[in-house]
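Enquirer: The whole structure should be built from the sequences, with the hints applied where relevant.
So the protein sequences, as listed, match chains A and B.
So for the first sequence, my numbering puts the first residue at 1; every next one is plus one.
So for the second sequence, my numbering puts the first residue at 1; every next one is plus one.
You may find that some hints are simply not true.
Stated by the list, open to error - Pair ranges (Cβ atoms, derived):
1. 709/A <-> 50/B: 42 to 48 Å
2. 190/A <-> 29/B: 25 to 31 Å
3. 18/B <-> 687/A: 39 to 45 Å
By construction, these hints were calculated from the structure, which means they are not laboratory data.
Just so it is clear, CB atoms sit at the ideal spot from N, CA and C, and this is done for glycine as well.
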Amino acid sequence: MTESPPDTAEPAHRQLGMTDDEYESVIAILGREPRPAELAMYSVMWSEHCSYKSSRTHLGRLPSSAPWVVVGPGENAGVVDLGDGWLAALRIESHNHPSFVEPYQGAATGVGGILRDIFTMGARPIAVWDPLRFGPLDEAHNRYLFGGVVSGIAGYGNAVGVPTLGGEVEFADRYAANPLVNVMALGLLRREQLVLSAASGVGNIAVLLGAATGRDGIGGASILASASFDEESGSKRPSVQVGDPFEEKRLIEACLELYDRSLVVGIQDLGAAGISCATSECAANGGMGMDVDLDSVPVREDGMTAGEILMSESQERMLAIVEPAAVADVVAVAEKWEVNASVIGTVTEGGSLRVRQQGELVAELPAASLSDDAPKYDRPLARPGYLDELWAAGLTAAPPGDVAEVLPALLDDPALGDRSWIYQQYDHQLFLNTIIEPGHDGSLLRIKGTDKALAVSTDGNGQRCYLDPRRGASRLVMESALNVAVTGTMPYAVVDNLNFGNPEKPEIMWQFSETIDGMAEACDQLMIPVIGGNVSFYNESAGVDIYPSPVVGMLGFADPMPSSPPRLDRARAAMEIWLVGPRDETDFAASAYSRVIHGRLDGRPAATNPDVGRGVIAAAAGLAHHLPVLHDISSGGIAVALAEIAITSEIGLSIGDVGWSELWSEGPHRFLALCEPGSMPTLEVPTVRIGTMGGTTLDFGRHGAVELSTATGVWRAAIPRRMA
Amino acid sequence: MVFPGTNCEHDVVHALDLIGLQPELVFHKETDLTGFDAVVLPGGFAHGDYLRTGAIARFSPIMGAVTAMAATGAPVIGICNGFQVLCEAGLLPGALVANRDLAFICRPVHLRVETSRSALTTGAASGEVLRIPLNSYEGNYVASPETIREMEAADQILVRYCDASGTISDAANPNGSIGNIAGVCNAAGNVAGLMPHPERAVETVLGSTDGIGLLRSIPAFADLVATRP
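Expert: Rendered as structure tokens:
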């Protein structure tokens with residue numbers, strides 16, 4: 001079993017997290033027993049984290065093509081065409097286990113890693129988002145993890161000079177011993193700057209750029225990211241890397257200058273599995289081999305073994321493939337930016353990766369075997385037994401109550417309250433692209449010098465996916481698409497981060513497979529390509545798995561962008577409040593109302609409707625060019641969506657004919673639209689006026705009322721009062 | 001001025017372009033500023049802010065030319081990290097330390113203009129309230145009581161944190177700065193620094209245009225110096 005703790009009596013391959021069968025495959029490939037360094041390389045490259053061995057069987061069901069996709073899944077980042085020579089690169093990753101072991105550095109190096117994936121493609125990273133999950137904030141250790149992760153993201157992201165435009169956050173018991181730290185980055189580039197990771201051209205030189213290689217992060221991919229947690233996880237701290245944003249900032253500027261001057265033919269970042277991964281991928285992608293000399297690798301300490309140097313996950317390193325004549329220029333650019341540059345290898349004919357240390361051959365293997373021959377498992381699936389009971393038990397209506405009690409309780413929930421405590425720690429304005437800042441449904445970035453804009457939303461709802469992974473995943477895609485639509489863009493591409501428990505349990509694999517189907521179905525219906533993603537398994541601690549937690553990162557695109565995009569703070573007195581989309585009063589499965597007010601997690605979430613979904617998304621994207629406020633209805637239902645508009649705009653409202661259950665129900669495909677009196681356009685989707693802005697009260701008529709000042713105070717304090 | 005780790009340089013260039021100037025980026029290893037009318041040290045994390053903010057940047061080769069330029073009376077402006085570098089280099093009084101709440105702050109703040117005699121405030125009126133983004137971890141201005149008294153006597157306080165109505169209060173102080181001070185200048189007024197980012201408030205679509213007046217002060221002040229008998 002891969003999760004048993006290291007035991008000195010165990011054979012070497014098992015200590016490295018490799019099964020006996022996998023070890024036999026290595027022997028079959030090499031025709032002999034592997035040398036220690038070779039075993040180290042296979043163990044990391046064939047880990048769950050690097051090889052996707054449990055998930056590859058299923059990932060092919062996601063749609064990944066569209067005419068505007070330039071680079072699909074498999075490269076460092078997905079790339080789409082924005083017209084006029086502009087491309088956007090998007091990538092999402094997880095840094096869950098490192099962040100539990102060491103929250104500040106775990107989160108910081110997550111940011112560093114995702115940025116390298118983006119500038120490896122030739123793009124300047126222009127923004128980062130961080131979807132997060134923690135245990136409830138009433139426990140001190142959860143507050144420590146949450147605070148540490150947020151300051152790690154801020155500490156690294158702000159210093160490296162890339163704005164962080166938010167993300168999203170949820171708190172639940174299931175994440176207490178296994179928090180989720182996902183990170184997504186967006187880059188922008190001109191078409192001619194696109195660089196891929198192929199090492200073409202016999203005799204070309206491999207130049208290692210950036211930080212020296214140390215013993216940090218050895219086995220991060222195989223030991224930390226590809227096994228479940230147990231009581232000894234604290235001792236895995238040395239497997240967490242340490243980040244240096246200043247090194248990364250210089251590395252970014254140096255690489256962008258190398259691309260500008262066309263000095264590299266290929267480049268690859270060093271992340272999981274370090275030099276092993278970068279050299280073998282560059283060689284295999286180009287159909288070549290490579291000779292690597294480990295004595296040329298700058299190291300932080302003496303006496304590092306070949307295996308340690310090959311496996312180290314020291315941060316802030318890149319491998320550039322350069323024509324021999326360009327080496328001097330590459331070294332000069334590196335010197336300008338105070339970045340180390342070392343020639344460590346040569347591209348060779350044939351597919352063999354040969355590694356030498358002190359003249360001795362320490363590894364010789366087919367480069368492609370590290371990726372192409374990795375094991376692929378079709379693990380058994382089983383529908384969990386808990387579902388039937390939970391589906392039968394859910395609320396179908398809200399028991400009678402008073403807005404004055406229910407609404408403040410919801411606004412006080414840290415997942416629904418004001419998140420500015422988080423995003424005010426992030427520089428979210430750098431580069432002067434930010435038109436809609438964090439705190440809205442989606443962020444909106446302009447592309448300077450054009451009329452184009454990109455919107456981004458990240459969304460996840462693990463509890464809904466727990467109750468029905470297929471419907472939950474489909475709803476995520478629909479919600480995320482609506483979130484970018486209310487900023488005035490149309491959904492254009494998706495990346496996904498699939499955070500799940502232990503794949504060796506059939507119930508977890510079933511959740512995974514259902515999630516893929518739900519996501520594929522919704523992406524097909526909306527014609528949105530999935531251009532990249534990441535799978536994080538083994539999010540299990542002491543036998544308890546997290547909720548199935550797919551996170552969707554949606555990219556929206558507009559050309560031209562709205563001249564005055566909708567914002568939550570643009571509501572004014574006398575504006576009409578409209579509900580756009582189907583009426584709904586029965587969807588309480590995994591709703592905030594069920595969780596916060598009744599402490600329950602049960603029922604079956606409503607299904608999506610592709611025709612309605614498409615119609616509502618198109619309506620929102622169109623209205624965004626004319627109306628001052630549009631707001632997606634999600635957690636907390638209509639009532640919380642209304643409160644967010646009122647609080648942010650500092651004005652009250654009164655609501656007419658909306659039923660009690662309808663206030664809290666969370667059915668899909670709905671948003672609120674505000675307009676000047678008499679100016680609501682006719683739409684092809686259901687539209688009904690439900691109220692008017694004005695006054696100093698949130699007045700829900702027969703259902704009760706809350707003073708705006710009370711609602712504001714509770715909402716603003718939801719996170720700060722817990723973190724004080 | 002670009003140090004390794006500087007990150008607001010492209011934003012400052014964008015903003016200065018918008019107001020009709022001809023900005024050029026100068027790398028920190030240069031030593032000559034001949035031909036330039038003014039210098040802006042933009043925000044970021046020069047040399048990673050290792051050791052202490054601005055502590056290494058002050059030794060960069062270009063700082064000799066910056067100091068010489070300051071001595072001629074030409075505008076030398078520091079924004080955020082640039083302000084920290086000017087303090088560390090001794091071109092401005094005081095220093096910047098970690099925020100009162102030990103957390104990074106990125107949000108718009110209100111500033112009250114205290115004097116229009118500097119290279120950053122020639123185009124603003126005393127008492128005017130501006131809304132400009134703040135973005136810093138070490139934005140907490142400190143100086144000895146004597147220094148503060150001397151600066152106040154010499155009219156060297158440029159802007160203070162205030163509320164929307166212009167009232168200076170503890171509640172309107174985001175980071176604990178002494179006297180709510182957000183920006184200061186030297187005795188001659190040509191060397192000026194502030195923590196908030198005027199270049200982030202130059203277009204309606206970004207939420208504020210209140211930074212334009214401050215940035216326009218730079219050429220206006222340079223003209224004043226040039227035409228002085």
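Enquirer: Which numbered hints turn out to be false for this structure?
Expert: Checked against the structure, no hint fails, so every one of them is satisfied.
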